[in-house]
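Going down the list, the protein sequences come from chains A and B.
When the letters of the first sequence are read in order and numbered with the numbering used here, they come out as residues 1 to 688.
When the letters of the second sequence are read in order and numbered with the numbering used here, they come out as residues 689 to 1376.
Source of the hints: derived by calculation from the structure; they are not laboratory data.
Every residue, glycine too, gets a C-beta built ideally from N, C-alpha and C.
One thing to keep in mind: the hints can contain errors.
Unchecked claim - Computed, partial: chain B to chain A, Cβ under 7 Å:
(1) Asn747
(2) Ala857
(3) Asn888
(4) Pro1031
(5) Ser1033
(6) Ala1036
Said to hold, decoys possible - Across the chosen pairs, the derived CB separations fall in these ranges:
(7) Lys393(A) - Ala1087(B): 52 to 60 Å
(8) Ala528(A) - Pro1260(B): 52 to 60 Å
(9) Ser910(B) - Thr530(A): 36 to 44 Å
(10) Asp333(A) - Leu766(B): 53 to 61 Å
There are 2 protein chains.
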Amino acid sequence: MKNINSFFSPKSIAIVGASPKSGKLGNVLIENIKKGGWRGKLYLVNPKYAKSRKDYFSNLSKIKKPVDLVLAAIPAPLVGEIIGDGAKAGPKIKNFVIISSGFKESGIEGKKLEENLQKLAQKYDLNILGPNCLGFTNPKEKLNATFTDGNLRQGNTAIVSQSGALAVALLDWAENKNIGFSKIVSIGNKTDLDESDVLNYLVRDKNTKAIALYLEDIKNGSGFMHALAGITHRRPVIVLKAGKTSIGQKAITSHTGSLAQNEEIIEAVFEKLNIISVSNIEEFQDIIYYLNSNPVPAKKEILILTNAGGPGVMATDFIGKSKNIQLLNLSPDFKEEIKKYLPASASAHNPIDVIGDARPERYQKALEIIAKKYPKYPIIAILTPQNQTDPEKVALIVAKMKKKLPNLSVCFMGGEKIARAKIILEKNKISNFENPERVLAVIEKLARYRENAQAANGFDHSEAIPKIHPIIKKALSEKRNVLFWRETENLFRKYTIQLTQSVSCRNISDLKDKKISFPCALKTDDPAITHRWEKKAVILNIQNKKELEAALEKIKKTTQVENFLVQPMAAPGLELIIGMKRDPVFGPVILCGWGGTFTEIFKDKAIFIPPLTQRGIESKLSQLEIFPILKGFRGEKGYDIGAISKIILNLSKIASENLEIKEIDINPLMIYNNGQKGIILDAKIFLS
Amino acid sequence: MKNINSFFSPKSIAIVGASPKSGKLGNVLIENIKKGGWRGKLYLVNPKYAKSRKDYFSNLSKIKKPVDLVLAAIPAPLVGEIIGDGAKAGPKIKNFVIISSGFKESGIEGKKLEENLQKLAQKYDLNILGPNCLGFTNPKEKLNATFTDGNLRQGNTAIVSQSGALAVALLDWAENKNIGFSKIVSIGNKTDLDESDVLNYLVRDKNTKAIALYLEDIKNGSGFMHALAGITHRRPVIVLKAGKTSIGQKAITSHTGSLAQNEEIIEAVFEKLNIISVSNIEEFQDIIYYLNSNPVPAKKEILILTNAGGPGVMATDFIGKSKNIQLLNLSPDFKEEIKKYLPASASAHNPIDVIGDARPERYQKALEIIAKKYPKYPIIAILTPQNQTDPEKVALIVAKMKKKLPNLSVCFMGGEKIARAKIILEKNKISNFENPERVLAVIEKLARYRENAQAANGFDHSEAIPKIHPIIKKALSEKRNVLFWRETENLFRKYTIQLTQSVSCRNISDLKDKKISFPCALKTDDPAITHRWEKKAVILNIQNKKELEAALEKIKKTTQVENFLVQPMAAPGLELIIGMKRDPVFGPVILCGWGGTFTEIFKDKAIFIPPLTQRGIESKLSQLEIFPILKGFRGEKGYDIGAISKIILNLSKIASENLEIKEIDINPLMIYNNGQKGIILDAKIFLS
């Protein structure tokens, strides 16, 4: 992982492509840095002006003084040369922000130019942000190293965006809402520095308490997991992942050239890392907005104060639908106390209804009593502008009470009549949501985050030592990429996974002295046939020797193969499928789901991201819809969940120790709740 | 259903409780009516001022001229008397808006007062809106008959709200967004006029093209269905139903006194009526906002124009997740044409990316080409305020192009930099959403609405003639509320529903000459035992006569009953449950779902609201998750769906013809895909 601590706190910056002409990109960069108030040394580079103007250098190598960072805004074909100049300059320049576009995102020519940047970064050990990016800001140091003007307000949240345009929109939105950031980093095409490098830096940045990322792909899965493992229980990391659908991925490819990724695996990784995964821009903004003026709530029980019944009910309904948050149960003393200040028809239950005629004093009294009894709980004060309502005064009261109620947020609903109150709220950094459901959606996500953060993170970084197993060696030497049954059986046995008993044969005579239990099944054991059902390479329910002989004749004719297996028919039970495959970004992942026809209809499956623990597997298995059945539903006996999770754990061991194995399919594992042990009826191992 | 056409267009109004003192509710009402500009005759009633001021009457009966409507804002205990006065006045007064609170919502005393209002309404054939309501507005006639000032802008959408406070917030929000309404009606406690009466009026109101309701309960199910049947295919009706969770319902009860209702049934009714059911305030507002400046889109293929890749991808992802909308497939000519005006690196695919440096002219050119080729499609123009962007100019271009693109809406993302552009957009009635997902969520709902509206509505209003069947008569005379097996069998047979064959017996001797097929099941046939499993009142898998005899001895001892049934064991198949129950609001509803353990885990069921047609039932059955299995999954044989829907249809006939039947349970119906006919293994009929 790259060390880029100096990157975002330069003492000196050179702008390559600087221009004295207003409106030019090279001029906008100068202006933004100056307006921001950064106190470092700024060098301007442009051969065009080097002769006529003293403050311009013709080339980076002419500066002769330390340059901590280069901002380049020149045509794409010239960028490589500039970087080379910098890398060879004395003193050597290491850090570059390439704002220019015209690279990977613009076609074949651009792709070549970008590959060159990557080579230069490796050759000279450079750090390159971009190309095709907005730059970054570091508000603490008053540095706006982007081509968009505006917001340098300090805050606790860092933004990392793979879309420069979205970052621009976020900055402008934040400007209006009094939101500050610790850093904003536009990562553009990620040719060198990617989200993992930036995360690795940000998780160590003491000004950053939360990180919000907009990502269109993840470049380096293990880097990403390493950067965040063990961090997300201390700092919320929010990710808006674009390209969750195939047409979304197509849109990404067309504008960034990134490749499609497996979204189910990404979601499983996010869950494992306790990342707050949001599904749209609004959720993304709402969490940033909330965290700008509230800590992560310490409690999941919510208190609602309202002057309007309807919105109070909608808030209650939202809470009723959620598994992660609850309505705070008010104590009798508290109710007694607050009733004194409410009219007879007002409700002292939660939501506390101060009634439509509530004047500011009633809000104040209620908030004071709440602050005495429930200071640590998330409080939502709802206001609709009714006849006796004075939104501005209530806003001022809220601003005052916020000191005692750190998780107090509000919902002033309306438009014209609450406009001035909104300004008061914004000025005082009170998060004000247009409706109660939106703030509740934020609190719900943070509550789940907090709960998962408290559970053990369970990341085990002991790495397995890969080795080539003789069985695999043999198969590879024979240019086979599927193992025979016996090979699979032997390999599995080393990891204590047992297959159903089976007798191999080529002819009926091979079975003469063998004990066969009827009814039995006959199937091919040949790497060429991977989908036996489709190839009619399996015959079930064979009742006796005679039928078996006939079956063998028949299957030989249909399939034209030589090796067969005879296996006892398994009693009907619950079918599971378990599999391992290697994701190009995240490495081995294990899948377990309800088998048979139901797999495809109910899509009831769980994805496991190694490294795994038995406990982690069982907690993940509990997300399966059929888990209540596995556990024993309504007095029925349960299944051996421990045995299932053991298979999953061992598959992940096989995957980490045998890098040549590309895929493993166990289909089905038949399990029982009558004491009988589960049986793997079929399994296949594919090599890469 | 009430005829209230004159209610909302009065030529004369009397305000009871009128006051000359500024700030008093009775004065606010006068001021609002005057400020609105209504041109009718206004009478002020208040005995307190009748002597000192000429313009005040002491009593309604003193007016002696026609009064079309009374607005009452006096203490609750006085309301009944005033209504009586009005009803007995000459000319008689028929229409009342009771703004006063202090009725059902405030306790036992209030409930009595409210019951009195209801009696008066019936006795004198009056129309009473409220009590505990905001009143109503009729912008066309410049009438603001509420106690909130502001918005009387005309629009096409009517609002009906069971929460006055929410209506206030909506009005104020609409003020800021240049949104108009055809009517706003606050229905309060709904003691007389309820949502159905108001809907019945609004669906005939030529100024109303869409109706948006906030409801906490539905008072009269059949009135509601009758008011909307056959309407929702011409006019969108949007409902925000509060109280969807048990804690939400509790909150409602505490502030309005309404009773909890079955939300699953309400959702099934909404679906049947093609109501657009929204789940939060934001969705509710967004649809109202969109319809304020766009017609219901005629197409479900969407075209996106953007200067920002990220938001374009998020929009595409939203579309990718939806079943109801699609990305418009652009024709090659169109792409050729638009490419001429875009830079080389811009994308002419959908989303059309005009790139971050797009000046207003590029937006204009793109929109012009779109208007030529795709004028009827929903278009979303996304803008982020980048360096070369001029949001105000783009806003003006959009305003101009809107004439040619009726479903053009925009997403100007940001804050400060788009503030002035937003004002231009609002002034020109262009719907501008904060992010693309929100406008897409609206278009998606309208697209589904439109698709369902095009399908036949299938409402059959031929009513069944109820009769008391002798079987039911007999049971009732014996004070039984469950039928015996033979009774159920006979009643079902009349509706062509067949039960599994069975032999009745009291003793083993009864079975001597009977043909019993083994294996068989033995169970009790006694109304007292409704849950046989729990009472050990069923023995399965009896293999022969001897076992049967032993089983009979055993079951007699355990259950202490006298009547038993012997039934053949059914082969294992797919289990369904089918049931009928009477909802207190909507009458008989039928439920069909996947049976056994899976019912409870997967909750895979469908609710059918009579009147039903075979085709309607089958389309509803297709929503079951197991429907692919019923239909025949991946080459497997399908089940007889026609037979299932016939049972459902016949249950609804039984329900409509036999009003004494409270509930019917068929559990299970065992069905097969091997040609074998489905068998009902158990069924119970409960009387009320």
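For this session: Determine which of the earlier numbered hints do not hold for this structure and return their numbers in increasing order.
Result: 1, 3, 4, 6, 7, 8, 9 and 10
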